[in-house]
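Offset between the sequence shown (1-based) and my numbering: plus 7.
Hints were generated in silico from the structure; no laboratory data involved. Fair warning: this is a prediction, and the values are worked out from it, not measured in the lab. Be aware that a few hints might be false.
The calculated EDC-like cross-link candidates involving lysine to aspartate or glutamate, where the alpha carbons are at most 20 Å apart (straight line), are [as the list claims (entries may be wrong)]:
no., residue 1, residue 2
1, K194, E215
2, K194, E222
3, K149, E169
4, K103, E78
5, K182, E216
6, K102, E78
7, K103, E52
8, K333, D33
9, K40, E221
10, K250, D160
11, K194, E221
12, K103, E117
Between beta-carbon pairs, the in silico distance windows are [what the hints assert, rightly or not]:
no., residue 1, residue 2, range
13, V73, T141, 47 to 53 Å
14, E292, R225, 30 to 36 Å
15, P14, R225, 21 to 27 Å
Note that the Cβ used here is the ideal one computed from N, Cα and C, for glycine as well.
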Amino acid sequence: MGAPPSPTHHNIVMLQTQYFPCPHFDLPPQYTKTEFIYKETPRSELHARIHDATIIVLATTRLDAVALSPEVTPYLKFIAITASGTDCIDLDACKKRGIVVSNSPGVNIEAVSEHAIGLYFAARRKVLQMHNQTRRGAWVHKTTLMFDMLNPDGTAPLTCQEEVAGVIGYGVVGKRIAHLAQSLGMKVLISGRKGAGATALPSALQSEERTPFEEIIRKCTVIFVVVPRNGSTIDLISTPEFKNMSPHAVVVNVARGGIVNEEALVAALKENLIAGAATDVFLQEPASPETSVLLREDAEDLNLTVSPHMAWVAERTQQNLVDVTKKIVEGWVAGQPCNVVI
Numbered sequence: 008m009g010a011p012p013s014p015t016h017h018n019i020v021m022l023q024t025q026y027f028p029c030p031h032f033d034l035p036p037q038y039t040k041t042e043f044i045y046k047e048t049p050r051s052e053l054h055a056r057i058h059d060a061t062i063i064v065l066a067t068t069r070l071d072a073v074a075l076s077p078e079v080t081p082y083l084k085f086i087a088i089t090a091s092g093t094d095c096i097d098l099d100a101c102k103k104r105g106i107v108v109s110n111s112p113g114v115n116i117e118a119v120s121e122h123a124i125g126l127y128f129a130a131r132r133k134v135l136q137m138h139n140q141t142r143r144g145a146w147v148h149k150t151t152l153m154f155d156m157l158n159p160d161g162t163a164p165l166t167c168q169e170e171v172a173g174v175i176g177y178g179v180v181g182k183r184i185a186h187l188a189q190s191l192g193m194k195v196l197i198s199g200r201k202g203a204g205a206t207a208l209p210s211a212l213q214s215e216e217r218t219p220f221e222e223i224i225r226k227c228t229v230i231f232v233v234v235p236r237n238g239s240t241i242d243l244i245s246t247p248e249f250k251n252m253s254p255h256a257v258v259v260n261v262a263r264g265g266i267v268n269e270e271a272l273v274a275a276l277k278e279n280l281i282a283g284a285a286t287d288v289f290l291q292e293p294a295s296p297e298t299s300v301l302l303r304e305d306a307e308d309l310n311l312t313v314s315p316h317m318a319w320v321a322e323r324t325q326q327n328l329v330d331v332t333k334k335i336v337e338g339w340v341a342g343q344p345c346n347v348v349i
């Protein structure tokens, strides 16, 4: 790589610059830097590239306990994540070594929230199924595809005015989704924590009223999943939740894979427990029919719309990433850290 760093010289290693333009870092006058810019980083080259780093900038590259050990990254002091999620980093390993981690919350608010609404319409209106059937000539064969638009119980799709939307995860993206849903005419309920029961109601620490998670599952006709993935949110929605949902329910996940159990979701759609679903995320990414039941042949005819973790992509997001990454790296070097996770 380069020469080992000194107290006033930083080696800044950017592992994934294919996602947005590389920022130019202006460090305080007493500091110098060497920048190592990589468009993408295969696992086979990761350890060599980060060995002399004091600062690592990444989006989704996995840094496990081995990568964060003193043997592999002896000089590492700071990690800047160009995303809001931190599940790619072993935070416990960072905490043990005193490595500071900052993330980039809010950079994709507009893009992800708009994508979530788009996925909702795709699922509620069966857009993908109607597209495929029309292209296959089914419209001519059947003379009308109206009946293919109906729910399993024979009812027609709801419009926004009839929807009761549940937002699970009320961070900046969840708030934006709630605002868009309300603007479309939906009644919006904000979910409390799973299992919290009555403690989900307002407290001195939260101004917005919360509806108990279990009530969200029972009452809502569209559920937006926007929570971080951690130990408490894995399989947050699985078989018991699907069995308690309205048959008109549509589930939209723009958070992380694994929060909605993939096998349970496919089973719920096959058994007509819910009306439809859409997801931008998968338990294992990149996803394929070999790694996800959502992409297998027997799921092709289900009312399930998928996109390849691209909800964040927008010109605004890319500029926000440049600005926020520059801010958090320069701020940490100057002794003014921001967006600190640990």
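ask   = Checked against the structure, which of the hints given earlier come out wrong?
value = 3, 7, 9, 12 and 15
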